[in-house]
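> Chain by chain, the residues:
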Amino acid sequence: MFEPLYDAFFFIMQPSNLLGMLIGTIIGIIFGAIPGLTGGIAIVLIIPFTYGVSPLAALAVIAGLHNGSSYGGAVPAVLLGIPGHSGAICTTFDGHPMAQQGFALRALKIAAVSSAFGGVISALCLMFMAPPLAEVSLAFGPAEIFWLCVFGLSSIAVLISDDPIKGLLASCFGIIVSLVGIDAATGYARYNFGFIELTEKFHLAVIMVGMYAISMSWDMAQTGKTTDIDASLKAIKTKKDHMRDWPWRSIWGGWARSIPLGVLVGILPGVGGSVAGFIAYNEAKRASKDPDSFGKGNPVGVAIAESANNADNAAVMIPALTLGIPGSGVAALIMGGLMVHGLQPGPDLFLESPDIVFGFMWALLITSVMLFPVGGVIATRIFAKILNLPPTMLLIIITSFCFIGIYAIGNSMFNVYITLAFGFIGYAFRHLNFPIAPAVLGLVLGEKAEYNFNTAMNLGLGNPMALVDSTISIVIACLIALVLLRPLFGYARNKWWVRASEDD
Amino acid sequence: MRILKHQDFIAGLCIFGISLNLWVYTLDFPSSSGAFPKGILITAMVLSVIMVLRSIALKKWREQEFEPFVIHGPKLLIAMIGLTLYFAVAGYIGYFTATIIYMPALAYFLGFRDYKYIALTTLVYVLFSYLVFFHLMSMDLPEEKILKLFGI
Chain A
1 MFEPLYDAFF
11 FIMQPSNLLG
21 MLIGTIIGII
31 FGAIPGLTGG
41 IAIVLIIPFT
51 YGVSPLAALA
61 VIAGLHNGSS
71 YGGAVPAVLL
81 GIPGHSGAIC
91 TTFDGHPMAQ
101 QGFALRALKI
111 AAVSSAFGGV
121 ISALCLMFMA
131 PPLAEVSLAF
141 GPAEIFWLCV
151 FGLSSIAVLI
161 SDDPIKGLLA
171 SCFGIIVSLV
181 GIDAATGYAR
191 YNFGFIELTE
201 KFHLAVIMVG
211 MYAISMSWDM
221 AQTGKTTDID
231 ASLKAIKTKK
241 DHMRDWPWRS
251 IWGGWARSIP
261 LGVLVGILPG
271 VGGSVAGFIA
281 YNEAKRASKD
291 PDSFGKGNPV
301 GVAIAESANN
311 ADNAAVMIPA
321 LTLGIPGSGV
331 AALIMGGLMV
341 HGLQPGPDLF
351 LESPDIVFGF
361 MWALLITSVM
371 LFPVGGVIAT
381 RIFAKILNLP
391 PTMLLIIITS
401 FCFIGIYAIG
411 NSMFNVYITL
421 AFGFIGYAFR
431 HLNFPIAPAV
441 LGLVLGEKAE
451 YNFNTAMNLG
461 LGNPMALVDS
471 TISIVIACLI
481 ALVLLRPLFG
491 YARNKWWVRA
501 SEDD
Chain B
1001 MRILKHQDFI
1011 AGLCIFGISL
1021 NLWVYTLDFP
1031 SSSGAFPKGI
1041 LITAMVLSVI
1051 MVLRSIALKK
1061 WREQEFEPFV
1071 IHGPKLLIAM
1081 IGLTLYFAVA
1091 GYIGYFTATI
1101 IYMPALAYFL
1111 GFRDYKYIAL
1121 TTLVYVLFSY
1131 LVFFHLMSMD
1141 LPEEKILKLF
1151 GI
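These protein sequence lines are chains A and B, in that order. Mapping the first sequence onto the working numbering, position 4 (from 1) lands on 4, and the numbers just tick up by one. Mapping the second sequence onto the working numbering, position 18 (from 1) lands on 1018, and the numbers just tick up by one.
Extracted from the complex, chain B is given alone in its bound form (with noise of 0.2 Å):
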């Protein structure tokens, strides 16, 4: 388990530099489009400066104990990469052909074994999705590319 340690002190410098930036992108607004903008990225730089000197001056702030911000990293990384790709590839070739590959692969890469579950989960999952959303409801999904080519 990997615990920032002074989270406070460089979320805070973050925050600041990020909104300074915003900043000054808003400076080439209309004067009517960019004082709201403005008033609450200064709003955000006052806060964030706030944040970061209690999170040296202050005991309190200063002795913090944090939450750990990645728990499990490998797992973390394969959540993400696998949702991502997932995401990515449904609007290519099709939401059901998507989940199809998506559900099974990310249950065994995060560890889980147990094969039926996975297959009865993904097929009742699947044609829950199928029946609900797409027939009865007529919700537009990513079109089907793979299972057209087999008339589906």
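Bound-form chain A, shown alone (with noise of 0.2 Å):
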């Protein structure tokens, strides 16, 4: 049963394709900590490189890329507080706080090792239960995913946000701007006041870009500094951090909740991609004997976010492999570049061609494995020498940047425009304490909510009980009415306590 596992392990160790590997993994990192840059972007731009290759090394070469890109948009969430892409917004909720306390080591060797550790235990997944992982994504109607998408959105407005209500407006504002263009079920164009550009959908990462990188470039601008991290800088040159000071059972914990809800998202079709990392470090908050901790400098909650992260890294590829659903946008492009390759995902893949299909596996393990000694230790002091930069010139550089991580999106201007129209929104949105990754989470979920809303409700001839007719649906809305209701909850019982205190 386990033959063409270890026939196709003797393959991908070949030198060419561990060469791959290693390469396609630095320029996931590079590419990951460009904001504006993604693994996506990386994967499109080098399958034509692969055309002269074997299939199995084109795929090391992605696998490295894939899994590299998701580890390096922690790098600059940690340092400069700009997740480079948005698995990494988790990471800069606990990561930047780090770093600004003088462990931005700490911080990025453990986003490193999480990230590794999440990878390993996801291509694992992949390798010993994708026929059965498969049949649980089955299990995730519209319905379902309809309320997935509302749990999502509504868990990190209330549990991330210090402002419920700020949080809440962000996720909405999210979803509007989700909506602009071309409606999928209808054809009419929505929000577009007559532009023929705002008929297509906005780019996630021109937002991301935009509210992120530009508006924290304004900041510098105006302060001067880097955020204050030069006491990390001296940390990261003269001290070492030592991995047996990390709270290790607390970290071992986190794994444990946040690797299995990686992997059960990214198998989930259509859902994959940055909503694990949201989600994970939402339990792992509201699971915590300390959950104030978190946002303000908790490793653990940079291990939650890498390690959801990277763990839904090889499971959005189950229901590829499996059923040719791609579960991410990077997971379509990854088939994409097995069927230049002459490859057909799909069931029938693994009994065609068997080396490539686990040959693949053991790449996504092995690059994961790759990620701590070329992320945590060499990208790590590298990309550390950068604030050595004073902040004008880092502010100008990360703003060029972004240019070309931007235009390189359909070699649009007007993608460049809407960034800068989104570094103006995101300017608002900081000096406004308006929490930025509601909004982009609203923007990744919120036309996927209402596909999935209308496709149930047609499903169930216009009946909404249609939307509670399965387990799953019930219990996801209840959680949700747990976390809305929480906050009152919490108010309530404060009320309480400061009135019994009175009458002692």
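Everything labelled a hint here was simulated from the structure, so no lab data went into it. Treat the hints loosely; a few may be bogus.
[Claimed, not checked] Listed next, with one range per pair, are the computed distances between beta-carbon atoms:
id: 1; chain 1: A; residue 1: Y188; chain 2: B; residue 2: I1010; range: 49 to 55 Å
id: 2; chain 1: A; residue 1: K289; chain 2: B; residue 2: G1039; range: 35 to 41 Å
id: 3; chain 1: B; residue 1: G1039; chain 2: A; residue 2: N192; range: 17 to 23 Å
id: 4; chain 1: A; residue 1: E135; chain 2: B; residue 2: D1140; range: 40 to 46 Å
id: 5; chain 1: B; residue 1: P1068; chain 2: A; residue 2: M243; range: 48 to 54 Å
id: 6; chain 1: A; residue 1: G336; chain 2: B; residue 2: A1105; range: 54 to 60 Å
id: 7; chain 1: A; residue 1: E200; chain 2: B; residue 2: T1084; range: 52 to 58 Å
id: 8; chain 1: A; residue 1: L485; chain 2: B; residue 2: I1018; range: 25 to 31 Å
id: 9; chain 1: A; residue 1: N192; chain 2: B; residue 2: T1043; range: 19 to 25 Å
id: 10; chain 1: A; residue 1: F193; chain 2: B; residue 2: L1053; range: 52 to 58 Å
id: 11; chain 1: B; residue 1: F1134; chain 2: A; residue 2: F128; range: 42 to 48 Å
id: 12; chain 1: B; residue 1: K1059; chain 2: A; residue 2: W248; range: 26 to 32 Å
id: 13; chain 1: B; residue 1: T1084; chain 2: A; residue 2: L18; range: 43 to 49 Å
id: 14; chain 1: A; residue 1: I182; chain 2: B; residue 2: G1039; range: 17 to 23 Å
[To be verified] With a straight-line Cα cutoff of 25 Å, these simulated SDA-like cross-link-like pairs (lysine to any residue) come out:
id: 15; chain 1: B; residue 1: K1075; chain 2: A; residue 2: G224
id: 16; chain 1: B; residue 1: K1060; chain 2: A; residue 2: H431
id: 17; chain 1: A; residue 1: K448; chain 2: B; residue 2: I1018
id: 18; chain 1: A; residue 1: K296; chain 2: A; residue 2: L432
id: 19; chain 1: A; residue 1: K448; chain 2: A; residue 2: G141
id: 20; chain 1: A; residue 1: K289; chain 2: A; residue 2: A481
id: 21; chain 1: A; residue 1: K201; chain 2: B; residue 2: H1072
id: 22; chain 1: A; residue 1: K296; chain 2: A; residue 2: Q101
id: 23; chain 1: B; residue 1: K1059; chain 2: A; residue 2: D162
id: 24; chain 1: B; residue 1: K1145; chain 2: A; residue 2: I418
id: 25; chain 1: A; residue 1: K201; chain 2: B; residue 2: F1029
id: 26; chain 1: A; residue 1: K448; chain 2: B; residue 2: T1043
id: 27; chain 1: B; residue 1: K1038; chain 2: A; residue 2: M465
id: 28; chain 1: A; residue 1: K448; chain 2: B; residue 2: P1030
id: 29; chain 1: A; residue 1: K448; chain 2: A; residue 2: N463
id: 30; chain 1: B; residue 1: K1060; chain 2: B; residue 2: F1016
id: 31; chain 1: B; residue 1: K1145; chain 2: B; residue 2: A1105
id: 32; chain 1: A; residue 1: K289; chain 2: A; residue 2: G224
id: 33; chain 1: A; residue 1: K289; chain 2: A; residue 2: P164
[Claimed, not checked] Anything over 10 Å on all C-beta distances counts as not near chain B; from chain A, calculated:
id: 34; residue: E3
id: 35; residue: V53
id: 36; residue: P55
id: 37; residue: E200
id: 38; residue: P260
id: 39; residue: F350
id: 40; residue: A466
Since the model is a prediction, treat every value here as computed from it, not as a measurement. We put the CB at the ideal spot given by N, CA and C, even for glycine.
Assembly of the complex is requested from the two constituent chains, each provided in isolation within its own frame, with the hints serving as guidance.
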């Protein structure tokens, strides 16, 4: 039964494939670390270069890009508070405060180890549990995915933000932005205000770069500071961070919670990607004995965010390889890479090309392991040098990189102008204390929520009870109610405590 | 430093106004395209009303202190205008040409006066971008109209 896996291991360990994995990982980390450039763009750019090589070598490079870019987004998230991609948003919550407190090296290493561990577990799930996990993914229909989207939006808005009202408003903003463009169901152009360019949906990177990187650069221009990170620089240069000093018990507990969630979210078609990190972070915070420490430099927050983010890397390939349904946009690109090399994703792929399929799974595992030496040791020190730059030059370089990243999406100056516009909006968000993360998640999940809502209602012939027709739907809906009522419970409990102590 | 008082009150009113306008705009959508956005916009209007009311009625929100909206006005304006011009011009004259102008100019106007550092950083950055993104990765960037005149 495991013979194809065993045979594929020897294929993937050939020097050319190992080199491909290493190169892919390094390029992936670089792409992930630059706001606007994502693993998806790297994969699209690399595919033409792989025409002349064997399919397995090409997939080895792609596996490196996929895992490397997932970790790479953590580097600017920790050092600058700018997520390199949407999956690293949760890493900013605790990673950047850690850096501000002088623990940048620890945060980056925890991110690398967590990414590596999450990626390894995910690859093992892909290798040994792909068929049964694919069955689980089939249990999630449109109603279940709709509730999952609402759960993600409400929990991030309420649990992450200091102000639930502003968090929910930010989510509403993100959802409305996600609806700009042609409605896939009716073909009607929504909120384009007569501009033909607005008939296309906004690309996530365009919004993220504007709201995070551009707005942050304007703050740096005013303050002349790289977010008080000088103490952290010294820590990277002179102080060694010892892994034995890490809060291992809490980190292991965090991984135990976040990695299965990351794998589970990753296997759901169309939901994977950045959502895994949000849901895992929310759940960990909710279940923690010290939830208030999250968002203030808790290393477990970094561990959870990065492990969940990377745990869905291989998991998104489960429905892609077994059912031919990509779990995320990047999985769709990887499927495209397979098809370019004459391989048709689906159940037959395991029978027709087992050495390539299982070789790809090994590549995902090996590149996850590579993340620690390449990402945690080498990349950390290289990227930390960036902070030696004066803040003025750093913000100029960041904004220049942003242009490249955004222009690469469709070679469109319109996207560049939209990024600038969202820079103004992001600046307003920052200075009016509106959290940006719920807005980004609204952008990710808004259209998905609407599509699945409409599909569920159509399948139920317009009967709203179709939305709560399964146990999974009811459970998720109850969780949403609990999350939304939590602030009220907290307020009532505090009032009761005050009254009780006054009576005493 | 300018501190914007009552910013929740003002922000809430603005959000309510924008949501209401969008909701009216949404009335022209076909029912299947308009149902979901209308629901979201109504939610936004309700939340913004709650935000406005609590900023008036509740002591905690009434007396809340805010970070200044503008920390250093002139530098903010320079950064915003500089970036806007850079993005606009890069599309016309080419990315590398625009970057060679943008980096030293913005550094100078933001008060950074180490000219050797500026020159070195600009050179290293432009070379790195050219070699990695343009030459190695063959990424498309706006056409270099001025450099083309010199045969580059």
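> Next, verify each hint and record whether it holds.
Hint by hint, here is what the structure shows:
Between Y188 of chain A and I1010 of chain B the beta carbon distance is about 34 Å. The supplied range of 49 to 55 Å is therefore violated. Judged by the Cβ atoms, the range 35 to 41 Å given for K289 of chain A and G1039 of chain B holds: they are separated by roughly 37 Å. Remark: the range hint 17 to 23 Å for G1039 of chain B to N192 of chain A is upheld by a beta-carbon distance near 20 Å. A beta carbon spacing of about 43 Å between E135 of chain A and D1140 of chain B agrees with the range 40 to 46 Å that was offered as a hint.
Separated by about 41 Å at the C-beta atoms, P1068 of chain B and M243 of chain A break the suggested range of 48 to 54 Å. Look at G336 of chain A against A1105 of chain B: about 42 Å separates their beta carbons, and that is not inside 54 to 60 Å. For the pair E200 of chain A and T1084 of chain B, the supplied restraint of 52 to 58 Å is violated, since their beta-carbon distance comes to about 23 Å. Look at L485 of chain A against I1018 of chain B: about 28 Å separates their beta carbons, and that is inside 25 to 31 Å.
Between N192 of chain A and T1043 of chain B, the C-beta spacing of about 22 Å keeps the proposed range 19 to 25 Å intact. For F193 of chain A paired with L1053 of chain B, a C-beta distance near 31 Å fails the hint of 52 to 58 Å. As the Cβ distance of F1134 of chain B to F128 of chain A is approximately 43 Å, the hint placing it in 42 to 48 Å holds. Under the hint 26 to 32 Å, the C-beta atoms of K1059 of chain B and W248 of chain A, about 44 Å apart, miss the expected range.
At roughly 46 Å, the beta carbons of T1084 of chain B and L18 of chain A sit within the given window of 43 to 49 Å. Look at I182 of chain A against G1039 of chain B: about 20 Å separates their beta carbons, and that is inside 17 to 23 Å. Distance restraint check for K1075 of chain B and G224 of chain A: the Cα-Cα separation of roughly 10 Å lies within the 25 Å cut-off, and the hinted pair is therefore satisfied. Restraint check: the Cα-Cα separation between K1060 of chain B and H431 of chain A comes to about 19 Å, which is no more than 25 Å; the hinted pair holds.
Distance check on the hinted pair: K448 of chain A and I1018 of chain B sit about 24 Å apart at the alpha-carbon level, within 25 Å; holds. Under the criterion of a C-alpha separation no larger than 25 Å, the hint pairing K296 of chain A with L432 of chain A is consistent with the structure, at around 20 Å. Our distance criterion of 25 Å between C-alpha atoms is met by K448 of chain A and G141 of chain A, whose separation comes to about 12 Å. At most 25 Å may separate the alpha-carbon atoms for a hinted pair to count; K289 of chain A and A481 of chain A meet this at roughly 22 Å.
For the given pair, K201 of chain A sits about 35 Å from H1072 of chain B by alpha-carbon distance, which is inconsistent with the 25 Å threshold. About 10 Å separates the Cα atoms of K296 of chain A and Q101 of chain A, which keeps this hinted pair within 25 Å; it holds. In summary, the hint linking K1059 of chain B to D162 of chain A is supported, as the alpha carbons are separated by about 17 Å, within the 25 Å threshold. Of the pairs offered as hints, the one joining K1145 of chain B and I418 of chain A holds, with about 24 Å between alpha carbons and a cut-off of 25 Å not exceeded.
The suggested pairing of K201 of chain A with F1029 of chain B holds, with an alpha-carbon distance near 17 Å, which does not exceed 25 Å. Simply put, K448 of chain A and T1043 of chain B have alpha-carbon atoms about 18 Å apart, close enough for the 25 Å limit, and the pair holds. Using a Cα cut-off of 25 Å, the hinted pair K1038 of chain B and M465 of chain A holds, with the two alpha carbons roughly 21 Å apart. Under the criterion of a C-alpha separation no larger than 25 Å, the hint pairing K448 of chain A with P1030 of chain B is consistent with the structure, at around 19 Å.
This hinted pair checks out: K448 of chain A and N463 of chain A have alpha carbons roughly 20 Å apart, not beyond 25 Å. For the suggested pair K1060 of chain B and F1016 of chain B, the alpha carbons sit about 22 Å apart, so the restraint of at most 25 Å is met. Restraint check: the Cα-Cα separation between K1145 of chain B and A1105 of chain B comes to about 20 Å, which is no more than 25 Å; the hinted pair holds. Distance restraint check for K289 of chain A and G224 of chain A: the Cα-Cα separation of roughly 38 Å exceeds the 25 Å cut-off, and the hinted pair is therefore not satisfied.
With a C-alpha separation of about 21 Å, the suggested pairing of K289 of chain A with P164 of chain A holds against the 25 Å cut-off. Annotated as non-interface, E3 of chain A keeps its C-beta farther than 10 Å from every C-beta of chain B; the closest such distance is 39 Å. For V53 of chain A, the condition that its CB be more than 10 Å from all CB atoms of chain B holds, with the nearest at approximately 17 Å. Once the 10 Å rule is applied to beta carbons, P55 of chain A is consistent with being away from chain B; the minimum gap is 22 Å.
In this structure E200 of chain A is separated from chain B by more than 10 Å, as the shortest Cβ-Cβ distance comes to about 16 Å. Distance check for P260 of chain A against chain B: the nearest CB is about 31 Å away, which clears 10 Å, and the non-interface claim stands. Residue placement check: F350 of chain A keeps its beta carbon more than 10 Å from all beta carbons of chain B (closest about 33 Å). Under the 10 Å C-beta cut-off, the non-interface status given to A466 of chain A relative to chain B holds; the minimum distance is some 15 Å.
The structure shown violates the earlier hints numbered 1, 5, 6, 7, 10, 12, 21 and 32.
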